[in-house]
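Number of protein chains: 2
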Amino acid sequence: MFIDCKSIAKSIDEETIALTRLTKPKLVSLAVNPDEGTISYLKSQQKKAKSLNVEHEIFVLDNVEILSEKLLEFSKDETVHGIFVAHPLPKGADELQVASLIDPEKDVEGRNPVNLGRLMYGEEGFAPCTAAAIVEILTRTTQLMGKNVVIVGRSNTVGLPLSVMLLRRDRSATVTVCHTKTQNLEEKTLQADIVVVAVGHAGFLKPEMVRENALVIDVGINVVGDRVVGDVDPEVEKKCSLTPVPGGVGVVTTAILMNRVARIASRGGKV
Amino acid sequence: MFIDCKSIAKSIDEETIALTRLTKPKLVSLAVNPDEGTISYLKSQQKKAKSLNVEHEIFVLDNVEILSEKLLEFSKDETVHGIFVAHPLPKGADELQVASLIDPEKDVEGRNPVNLGRLMYGEEGFAPCTAAAIVEILTRTTQLMGKNVVIVGRSNTVGLPLSVMLLRRDRSATVTVCHTKTQNLEEKTLQADIVVVAVGHAGFLKPEMVRENALVIDVGINVVGDRVVGDVDPEVEKKCSLTPVPGGVGVVTTAILMNRVARIASRGGKV
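Going down the list, the sequences are from chains A and B. Numbers given in my numbering equal positions in the first sequence, counted from 1, plus 477. Numbers given in my numbering equal positions in the second sequence, counted from 1, plus 477.
Treat the hints with care, since some could be wrong.
Identical copies go unnamed one by one, so any copy, or any two together, can satisfy a pair.
What the hints assert, rightly or not - Lysine to any residue pairs mimicking SDA-like chemistry, simulated, CA-CA at most 20 Å apart:
| # | residue 1 | residue 2 |
| --- | --- | --- |
| 1 | K501 | K527 |
| 2 | K524 | M478 |
| 3 | K715 | S577 |
| 4 | K658 | Q668 |
| 5 | K503 | G724 |
| 6 | K568 | E600 |
| 7 | K658 | R648 |
To be clear, the hints were calculated from the coordinates, so they are not data collected in a lab.
Work out the full structure: start from the sequences and follow the hints.
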């Protein structure tokens, strides 16, 4: 069974639209030497922003020095409520240094270390958007208390922050984080009530790796030929509840991003 | 078998003493309405500081407002290199707000959210001291790559930061975080190569909960009558490698704390 993520996104969008009736939120998106895929992503972001009455401006920049200047500028600019930086940054760029330049109260993607650290205090207003989207999908779909969750992938945008968020007392899942060095991965995923896959390999999670009726969250976005596919073999859907790709975690992530921009604008800087 | 943590602490102390020959490091420790146990802890901290040529001053304060003022003052004071706040804070105090007042570059305990967030970027210069001590003990005792680690406890001083640190690529353990809501805890600890227990219950981990030759880290400090005991039943030592209590994680934690103060003083603010 596929989980209906579009209706989750829709309900978030409705709140966003209600907020943007009262205020003029603005998001800026910055990219350094973006490839075609990134530009196409930013354009779809812009379309989404427009549909929600969020003002949106894209800045295509030549190098990380200019990016750094722009981040400081927009952090101070009171007409800008949210700042988004396209990733990956050019090779050799210091991700931590760049993320630290974004005003934490405009860091709608949740990359500034202060926002990652706040997660360990239970503060999730600026949690990484994808992790926040997964929490939103899970809490709307199931009870998390005491469930065994296996997360495959340990990035600082998904696996690491998500593990901290699922351990928060009001959720209290038991969380295992796996990755390329994990031994007997299948043994672990087979024990899980919930499996989250964020590895960037098309069809990575096979049906025989999950138990009947598990809940599976597919975070992958892989381009195979002219199709976009996830990290989970579509056959998994026959025995589990699965988020689709496209139209799954991604649409909820974008909805949350826009919702944050609107909230920041309407609350004068606080999510 | 008990793991010899004192010799690990000693080798860290030797580096500290070498550093304090060249500089005048100073640590301040602040406590709001401390109980007897806290005062006795601060005094033992002071004794340790003295033995390493680290200047140390204790401030006993009346309330969190004064604490906040002092934290701002010492954050600016160039003669102070490390700031320690005794915990728990008085009931109702905002832990996150207080921690955020400590200059991240003097936050020797690793409580400021920016230092917790930096862990997700692999930056551990100001990792929570207890988590850093456990990593130190583990990396000196075993290979972590691909090992199954079960952490019991999800505090933001031990369980959460430690899980992120053990997942770092140069360590690459597979990490499960368990807690009071975990179902069938014994099933999980029995599968672990390494078990870390930080729950604050004397003798919580029983021998039948761990497998032969596992490595067990006891983070507990519980006062039972006139004795200090850990979270692990001492019988576990007969089948596993175990850190003792007292004289285990605690002594390494203090050694790391003092070492950081010395490093900050000698490097002009950077650990």
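Exercise. Which holds for K658 with Q668 at a C-alpha limit of 20 Å: within a copy, between copies, both or neither?
Worked result: Intra 18 Å, inter 17 Å, cutoff 20 Å: intra and inter.
For this session: Could you figure out if K501 and K527 sit no more than 20 Å apart (CA to CA) within one copy, between two copies, both or neither?
Result: Within one copy, since 12 Å is at most 20 Å while 59 Å is not.
For this session: At 20 Å max between alpha carbons, let me know whether K568 reaches E600 within a copy, between copies, both or neither.
Result: between (32 Å within a copy, 19 Å between copies)
For this session: Go through the copies and call it for K658 and R648: within, between, both or neither, with a Cα cutoff of 20 Å.
Result: between (28 Å within a copy, 10 Å between copies)
Exercise. Between copies, within a copy, both or neither: which fits K503 and G724 at Cα up to 20 Å?
Worked result: neither (25 Å within a copy, 56 Å between copies)
Exercise. Is it within, between, both or neither when you check K524 against M478 at 20 Å Cα-Cα?
Worked result: Classified as neither; 30 Å inside a copy, 63 Å across copies.
For this session: Evaluate K715 and S577 at a C-alpha cut-off of 20 Å and name the case that applies: within, between, both or neither.
Result: Classified as neither: same-chain Cα gap 43 Å, cross-chain 48 Å, threshold 20 Å.
Hints 2, 3 and 5 from the list above are not met by this structure, while the remaining hints are.
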